[in-house]
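Q: Given next are the chains, with one letter for each unit.
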Amino acid sequence: MELDFALFIAFSSLTFMTPILLASVGEIITERSGIVNIGIEGIFIASAFAAALTAIITGSLTLSLTAGVTAGALIGLAHGAIAVYLRSDQIIAGLAVNIIAYGATIVGLASIWGVHGASPRLEVYMPTVSILGYKTPLVSLASIAIAVIAWYALKATRAGLALRACGEDPRAAEALGVNVNKTRILAATLGGALAGLAGAFLAIEIVGQFTRGIAAGRGFIALANVAFSGWNPLLAILGAYTFGLLEALSVYLQQYALEYAYIAKTIPYLGTLTIVAIAGWKARMPRSLAKPYIKE
Amino acid sequence: MRLARSDIGLKRVYPLLESLAALIVGVIGGFIVAAALGYDPVASISLILLSGLGNLEYLFSISMPLALSALAFILPLRAGLFNIGVEGQAYIGALAAIYILSLGLGFPLPVILAPLAGALAGFLIGVLKVYRGVNEVVSSIMLNWTLFYTVSFTVSRYLRDPLIVHQSVRVDRMLPALEALILTLAIVIAVHIILYRTTLGYHIRVMGSSPEALKYSGGSESRSIIVAMTLGGLLGGLAGTLQVYAVSGFIDVTMSAVFGTGFMGIAVGLIGRATPIGVLPASILISALIIGGHRLELRLGAPPELADVIIGVMVLALSAPYALRLLSLKLWG
Chain A
348 MELDFALFIA FSSLTFMTPI LLASVGEIIT ERSGIVNIGI EGIFIASAFA AALTAIITGS
408 LTLSLTAGVT AGALIGLAHG AIAVYLRSDQ IIAGLAVNII AYGATIVGLA SIWGVHGASP
468 RLEVYMPTVS ILGYKTPLVS LASIAIAVIA WYALKATRAG LALRACGEDP RAAEALGVNV
528 NKTRILAATL GGALAGLAGA FLAIEIVGQF TRGIAAGRGF IALANVAFSG WNPLLAILGA
588 YTFGLLEALS VYLQQYALEY AYIAKTIPYL GTLTIVAIAG WKARMPRSLA KPYIKE
Chain B
531 MRLARSDIGL KRVYPLLESL AALIVGVIGG FIVAAALGYD PVASISLILL SGLGNLEYLF
591 SISMPLALSA LAFILPLRAG LFNIGVEGQA YIGALAAIYI LSLGLGFPLP VILAPLAGAL
651 AGFLIGVLKV YRGVNEVVSS IMLNWTLFYT VSFTVSRYLR DPLIVHQSVR VDRMLPALEA
711 LILTLAIVIA VHIILYRTTL GYHIRVMGSS PEALKYSGGS ESRSIIVAMT LGGLLGGLAG
771 TLQVYAVSGF IDVTMSAVFG TGFMGIAVGL IGRATPIGVL PASILISALI IGGHRLELRL
831 GAPPELADVI IGVMVLALSA PYALRLLSLK LWG
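Read top to bottom, the protein sequences are chains A and B. Numbered according to this note's numbering, the first sequence terminates at residue 643, and the numbering increases by one at each position without gaps. Numbered according to this note's numbering, the second sequence terminates at residue 863, and the numbering increases by one at each position without gaps.
Because the hints were derived from the structure by calculation, they are not lab data. Among the hints, erroneous ones may be present.
[As the list claims (entries may be wrong)] With a Cα cut of at most 20 Å, we get these calculated SDA-like pairs of lysine to any residue:
1) K502/A to M632/A
2) K659/B to I491/A
3) K642/A to L856/B
4) K642/A to L485/A
5) K659/B to G610/B
6) K638/A to G738/B
7) K860/B to E548/B
8) K638/A to K860/B
9) K642/A to P741/B
10) K638/A to S740/B
11) K502/A to I491/A
12) K638/A to E742/B
13) K529/A to L433/A
14) K659/B to I438/A
15) K659/B to A624/A
The structure presented is a predicted model; accordingly, all values stated were derived computationally and were not measured.
Use the sequences and the hints to build the structure in full.
A: Written out as structure tokens, the structure reads:
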């Protein structure tokens, strides 16, 4: 009985881990190139909306996921281009992404479905594999694989080295023949695409529909995880799983301690804050993070 | 740039022209979203822009908490810190105000005591940054959500209106509009004096413009961070206090009376170009857009969040002063 409960929580944590992990890996790639995108929250919202709309219109899971990834990639691209070419303050630009995505998707809810709160239920389902009798989404397993691949690519490939050089010392990177601006925009687009997949997963698998402000702070939990991991995709798996565990516990307690549901809802946020406060923000961030590269 | 260094007059006008350019970009953004999602863009955007200006008293009452939350954002911003936690500080300030007022305590106790709850939240963000290195943006958002649900819990359990579910008790005696206005103006002036006429403000500004220079100016980085965030929290708490004490009179478990106070304050602070005086006209502009959004819902059935889109695009434009300068040179140069 207790083992069953532990396994149930362990496997639901895997599901809740997935969007955090995908977005964290995307943000690690973006940040190691020198761009910080705090608009992950907005990308979650916009891509969840795109995925939900596509799922309802076409009924196709593939198209729905594609729509989510595309929406995320486009926002990542736009944020990257604005950061690089317009030399924006990347924190403020990221906040703007969040405000615009929140507002525009509510306008969309009203215009398309005539509601202000939530879209109809989605009728598409993620493929799952059964592990110890627990249905686990394939994307959850894929997200771990993606983290491992990103870790290897950043550490051991030429492209990964070039990307990290852009985030550490863009002038030296340029001297070695790396196109800093192009690399940063590509990294931001890839980061956005991963956050977009995360947003689609959130709408399809976790919530089952689009709801206003669907991300509910998860984008910032991913940002906390990026620092927690020390910009290392492998450690991000551990961090994301821990944050997933907090959410799994929160959801469980909301159902079984109704009177204290509001208190249970604070668990992921208070837990994240406690974890980053105890772990500290020690790891060194990329040296040229959030600084525009201006050629002389 | 083409601007001559000696041309002080033009230089003063520049921030204004840039904010105007941002408004134009924001309106274009709202226009595109409205058209793309099937609303009449001309009718809906002109309603948002103009209909909020009809009732001046209402306009001012909406703008006062926003001016305060903008101050809560820009004071730490001048030290290079992003107080995204104004939202949560406003929630807890509003809750504290409801509680203090429910005890029968009248002016000025609510506006003195309730903001202390927000100050505590700001202090925590500052301490976590100084001693644990926790990025203030992340700790702010985590606190915002924690405070959101904590306030919901407290309202539903301890401060519930006996007749209306999910709603807090009502404020018996609201703060008259004139007194709220005088209070807001006094705080704007106080923040102006702190920033430009005190050693603390000097250290805050030095830290924001060149952190390396701070120790040569005799300031301490740790102390500046904690003081700036605590003051930011205090102002955020006061914004929430005024939101219930001068505008709504109650809060509910979805925080609808206070929701957005902090985030809109960010927009107000940026449009006011991070200066206390600039916050005043900016708060009126943003309030007009927010009220315009609600009129839009009443008249055309389009969601008020269209105004949020315009404001968000304005913030995006203001994130890139370099690009904005080029744009305003094109428009008015």
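Q: If a hint holds in the structure, say so; if it doesn't, say that too.
A: Hint-by-hint comparison with the structure:
1. K502/A to M632/A: Holds - the C-alpha atoms of M632/A and K502/A are around 16 Å apart, at most 20 Å.
2. K659/B to I491/A: Violated, because 31 Å separates the two Cα atoms, which is more than 20 Å.
3. K642/A to L856/B: 18 Å, holds
4. K642/A to L485/A: 44 Å, violated
5. K659/B to G610/B: 13 Å, holds
6. K638/A to G738/B: Roughly 15 Å separates the two Cα atoms, so the pair holds.
7. K860/B to E548/B: Holds, at about 11 Å.
8. K638/A to K860/B: 26 Å, violated
9. K642/A to P741/B: The given pair, whose Cα atoms are some 24 Å apart, is violated under the 20 Å limit.
10. K638/A to S740/B: Holds. K638/A to S740/B sits at ~14 Å (cutoff 20 Å).
11. K502/A to I491/A: The hint holds at about 17 Å.
12. K638/A to E742/B: Holds, because 16 Å separates the two Cα atoms, which is no more than 20 Å.
13. K529/A to L433/A: With Cα atoms ~14 Å apart, K529/A and L433/A stay inside 20 Å; holds.
14. K659/B to I438/A: It holds: about 17 Å lies between the C-alpha atoms, which stays within 20 Å.
15. K659/B to A624/A: 9 Å, holds
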